[in-house]
Amino acid sequence: MFRNQYDTDVTTWSPAGRLFQVEYAMEAVKQGSAAIGLRSKTHAVLACVNKANSELSSHQRKIFKVDDHIGVAIAGLTADGRVLSRYMRSECINYGYTYEAPLPVGRLVVQLADKAQVCTQRSWKRPYGVGLLVAGLDESGAHLYYNCPSGNYFEYQAFAIGSRSQAAKTYLERKFESFPGSSRDDLIKDALFAIRETLQGEKLTSSVCTVAVVGVGEAFNILDQATVQALINEFEISGEEAPATASVAEEGAGDAAADQGGAAAEEEVAPMDI
Amino acid sequence: MPSEQKLGSAIVDTVFANMVSSQNESSLLSSEGDSQRTQYPYVTGTSVIGIKYKDGILMAADMGGSYGSTIRYKSVERLKQVGKHSLIGASGEISDFQEILRYLDELILHDSMWDDGNSLGPKEVHNYLTRVLYNRRNKFDPLWNSLVLGGVKNGQKYLGSVSMIGVHFEDDHVATGFGNHLARPILREEWREDLTFEEGVKLLEKCMRNLLYRDRSAVNKLQIAKITEEGLTISQPYSLKTFWNFAAFKNPTVGAEGSW
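Taken in sequence, the protein lines are chains A and B. For the first sequence, the positions run 1 to 274 when my numbering is used. For the second sequence, the positions run 1 to 260 when my numbering is used.
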């Protein structure tokens, strides 16, 4: 994308029917550090790469708890992300106050999308430069949504945003069919593997990533560093391969089964040594 | 009861006389542009009783609308459906109940318009009503009702009540007005978790009969509503059998000649 005469403000269409400012906002998301999300029927996991600017500083918060049943991971302009998180928290609290019930994720996401859309149609505003992965629970189970600066939103089984997210997406595309039946722990392991993909060879430790879970019977919480490190150690010690899940082994589906050497590994059994 | 209200309004008038007299200025007690606040009710419904039973909720209310001490209207439906999962019964000012029904209609409409598989259950509706009533009370312009809200959603039974000042609670059996004094004691003795539909109706009829004998604003024409996971039914109006053949009624002045 290069500069052109139609990209000065968000209310100018290009002759090809594009709003360049909105597209530039989506670029900002691609420049942010990676965030990934995945879900099963009962749990949703968010994970993100947290790089501190220097050894002296702390790293940026990219995962926010919105309510007991909803959390969000952001990529892009984290300041915009913080503001939108505050909006989401406010909506959840107000709904809970009026109805004494949790705000359904699907509705929150639509409100968020409508809020983003407004900024694409006012000449005195700019689009939010942040992509949000919203993970939450409602009556029908666990959900994962992606909210775009354009005001679009989509529901996903698994998704990755931010820089080098394509590597994570490739990994997730291989594994996603097994996710609905995955256990909570396998879901977290898959999230860590996906994050590792985005690091392109850099060592995965709990100091560069953050993981959060929400599920039936489990309020949204960010796992502490020690727990994450323990999980990382577990799969790094026993080998490079991603854990097999029962449904994958039964279906014998695609690459995943081949990686395990056709091992009929159940969820309780540790990943096989090669 | 009318005398209590007159006393109440007399107090209101004297204490806030200063504010009321300067009507052009906005005062603490009135919001912009309003010229009337509910001070006392005009056409009222009497008790509503609700109980949980094995399959859901049963609610009973008579069909009377009193105008002070006159029983003016005898076909007022005080039990209404709210959305897919809830049932509301109202006592108190009938016009305020109609207003509440309009609020609920809008609430349910907007909820359905999301079209996303989620729907407001009885707990949510009860809390919404609590908020509405409490906020109106804080503006000194109450909706003069006591409401019973019951329903079943995803197998969970819910029964609650909320008053005109926003006092709200949930219980296995609730009642409004005189029902609290005449029906709840019966329910405390005889209510059980596993009442069948027939037993529940009998229990409600026992309470309603007691109210019919003792509550001056009760009329002998009632409806019973049932809500379960499957849905809601409100019965056709019917009457209870009563017994007046007591010796004391035949010769009421036997012990006190000249009285009536």
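Among the hints, a few may not be true.
With a Cα cut of at most 27 Å, we get these calculated DSSO-like pairs of lysine-lysine [stated by the list, open to error]:
1) Lys65/A to Lys221/B
2) Lys80/B to Lys250/B
3) Lys125/A to Lys115/A
4) Lys202/B to Lys54/B
5) Lys153/B to Lys41/A
6) Lys41/A to Lys84/B
7) Lys41/A to Lys51/A
8) Lys41/A to Lys123/B
9) Lys157/B to Lys41/A
10) Lys54/B to Lys153/B
11) Lys221/B to Lys250/B
12) Lys80/B to Lys202/B
No wet-lab data here; the hints were simulated from the structure. The structure presented is a predicted model; accordingly, all values stated were derived computationally and were not measured.
Here is what the structure says about each hint:
no. : hint                 : in the structure
1   : Lys65/A to Lys221/B  : violated (54 Å)
2   : Lys80/B to Lys250/B  : violated (40 Å)
3   : Lys125/A to Lys115/A : holds (12 Å)
4   : Lys202/B to Lys54/B  : holds (14 Å)
5   : Lys153/B to Lys41/A  : holds (21 Å)
6   : Lys41/A to Lys84/B   : holds (26 Å)
7   : Lys41/A to Lys51/A   : violated (31 Å)
8   : Lys41/A to Lys123/B  : holds (25 Å)
9   : Lys157/B to Lys41/A  : holds (26 Å)
10  : Lys54/B to Lys153/B  : holds (14 Å)
11  : Lys221/B to Lys250/B : holds (25 Å)
12  : Lys80/B to Lys202/B  : holds (21 Å)
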